[in-house]
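S.K.: Protein chains in written order, with the numbering used here: chain A, -9 to 253; chain B, 61 to 277.
Please note: incorrect hints may appear among the correct ones.
Rough simulated footprint, nothing fancy, chain A against chain B, three-plus residues with beta-carbon under 8 Å [unchecked claim]:
1) 80 to 94
2) 99 to 110
Chain B is nowhere near these chain A residues, computed Cβ spacing over 10 Å in every case [what the hints assert, rightly or not]:
3) GLU84
4) ARG110
5) MET124
6) ARG130
7) HIS131
8) LEU143
9) ALA145
10) ALA166
11) ARG190
12) LYS211
13) GLY250
Quick list of simulated restraints, FRET-style, between CB atoms [said to hold, decoys possible]:
14) A:HIS131 x B:ASN272: 13 to 23 Å
15) B:HIS106 x A:ALA166: 55 to 65 Å
16) B:HIS269 x A:ALA191: 54 to 64 Å
17) A:ARG156 x B:ALA164: 31 to 41 Å
Read the hints as simulated data drawn from the structure, not as lab findings.
Remember, it's a predicted structure, so these values are computed and weren't measured experimentally.
No residue lacks a Cβ here, since even glycine has one placed at the ideal position from N, Cα and C.
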Amino acid sequence: MNSPECCGPNPGPCQEIRPDAAKGYVTPKIYLRDKRFLMTQNSGMSTQAHRRDGKLSFVSDTQKSDDADRPSEPAARRPDGTADWSVAMARAQEGDHEAYRRLLEAITPYVRALAARQVRNRSDIEDTVQDVLMTIHAVRHTYDPARPFGPWLVAIANRRIVDGLRRRGRVGSHEAELDPEQETFWPSEANLQEETVDARAVRDAIERLPAGQREAVRMLKLEEMSLKEAAAASGMSVAALKVATHRALKALRKLFESQGRNS
Amino acid sequence: MRSTSNLIDLLAADAAPVRRLRPPMVRAACWLLLAALILVLAASHHGLRPDLATKLTQPVFVTGIAAAMLTGVLAAVAAFMASVPGRSRRWLLLPVPALLIWFATIGYGCLTDWVRIGPAGLSPGETASCFATLMMVSLPLSFALLIMLRYVARLSPGPVAMCGSLAIAAMTATALSLLHPLDATAMILMWNVGIALLFVSVSGRFADHLFNWVAPR
């Protein structure tokens, strides 16, 4: 990611995470693209990489306006006023739901930026982000608050991103995407065109039936008249109508079966 | 697919208090204590090899046993350290020097003993007894390590599982060397190098399945 436009259409803080291969960690760099968005959200996000005990630690001062209304303790802050994710995770380990929610919301952009460096598809990026968040949830007891939070987060994110790439690679190697013309749908509304063709074929076949059978089918099947109504309208007896309908359906079945064999 | 913000709400609602993992060195020490206990139990059940006193005067044997034991200790420490996210994976290289010394002593023993004993040194009775010791030592250690490291199931478990298996193989080989008179070259190779290669390759190939078995995702 080399430009501030890398974060997609949504306004908001945009960031770049740059690998520092020589030292084995990544350095986040933030672009503030839409100051108006930040003003209306009453939130600012300036992220810095802090070193503690010679290790990297990510800190962020993201704080949503509605957080102040919540009964939970305020976010833990460093002496320079930035939120301390190590403390937030320590509180989360003790069962502080609100600290945990704020922490997950704050780290999501970082995880998304990490994923976007490796994954191209937008929905795959979001899948990866969710996978990383669920992994963090599952292994949150492995975090030691005495150690920096950044390497812990980046290690988990990188492993899940690589696992996701491998999984998608395996699936992609023996699955092919369907083209639109290969798609079929269960709801009948989606198949009106095919039904129209079928209906025309049935009407043409009925036209070729003998007159008595054609009339019987038209009244009883197409116009859905009762036997009595059809008998009154045509002057035929009920028994004659039944026989004519039976023979008509038999003839139609034979006709379509022979057409199916020929096609 | 649910949205990420919904997922965050769900996860936050599910944030029950958790007990923090103890430091990796402490956990490695616990596993090594278990390994020592199992070695003592196996020795008391089977008895030490009859010629152990003589063997302990041979520098190659002593070096081999010490290197195998050190490999087991260092591989266990490395597996526990590297299993914690954020710790360097270079910890996995910790047992390599001891492993090289261990295999070098085996190689040296093979070269010097091959001419003297020859390849016809296999004894089926001792092999069966060795297999019983192998199972008695390696199975409980494997289960203990799998359970203690189950949280790496979602964190690329292959390298950690291979390092843990090396620890188990080294401890098992130590037990076999102390308990059984393995003097034939083929036997020494099979019960040292063979076990190490078998354990490490099986764990590398099936790490995902093994960890999924003890910690379903």
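S.K.: Was GLY250 of chain A rightly flagged as not at the interface, with every chain B Cβ beyond 10 Å?
M.R.: Holds, since 42 Å exceeds 10 Å.
S.K.: With a cut-off of 8 Å between beta carbons, are at least three residues of the segment 80 to 94 of chain B near chain A?
M.R.: holds (count 3)
S.K.: Quick one: work out the minimum CB distance from ALA145 of chain A to chain B and report holds if it exceeds 10 Å, violated otherwise.
M.R.: Violated, because the least Cβ-Cβ distance between ALA145 of chain A and chain B comes to about 4 Å, which does not exceed 10 Å.
S.K.: Would you say LEU143 of chain A is clear of chain B, with no C-beta pair closer than or equal to 10 Å?
M.R.: The assertion about LEU143 of chain A is violated, with a minimum of 8 Å to chain B.
S.K.: Report holds if the minimum CB distance from ARG130 of chain A to chain B is greater than 10 Å, and violated otherwise.
M.R.: Violated: least Cβ distance 6 Å, not greater than 10 Å.
S.K.: Lying within 31 to 41 Å: is that true of the beta-carbon distance ARG156 of chain A to ALA164 of chain B?
M.R.: Because 36 Å falls inside the window, the suggested range holds.
S.K.: Is 54 to 64 Å respected by the C-beta to C-beta distance linking HIS269 of chain B and ALA191 of chain A?
M.R.: For HIS269 of chain B and ALA191 of chain A the Cβ distance comes to about 55 Å; the hint holds.
S.K.: Is the claim that LYS211 of chain A lies outside the interface with chain B correct, judged by CB distances over 10 Å?
M.R.: Label holds. Min Cβ-Cβ 46 Å, cutoff 10 Å.
S.K.: Compute the least Cβ-Cβ separation between ALA166 of chain A and chain B, then decide whether it is above 10 Å.
M.R.: ALA166 of chain A clear of chain B: closest Cβ-Cβ about 22 Å, beyond 10 Å.
S.K.: Is the claim that HIS131 of chain A lies outside the interface with chain B correct, judged by CB distances over 10 Å?
M.R.: violated (4 Å)
S.K.: Looking at GLU84 of chain A again, its CB stays over 10 Å from all of chain B?
M.R.: Since the minimum Cβ distance to chain B is about 5 Å, GLU84 of chain A lies within 10 Å and the statement is violated.
S.K.: Should the label of MET124 of chain A as a non-interface residue stand, given a Cβ cut-off of 10 Å to chain B?
M.R.: Incorrect as stated: the minimum Cβ-Cβ distance to chain B is 7 Å, not above 10 Å.
In the structure shown, a violation is registered for the earlier hints numbered 2, 3, 5, 6, 7, 8, 9, in ascending order.
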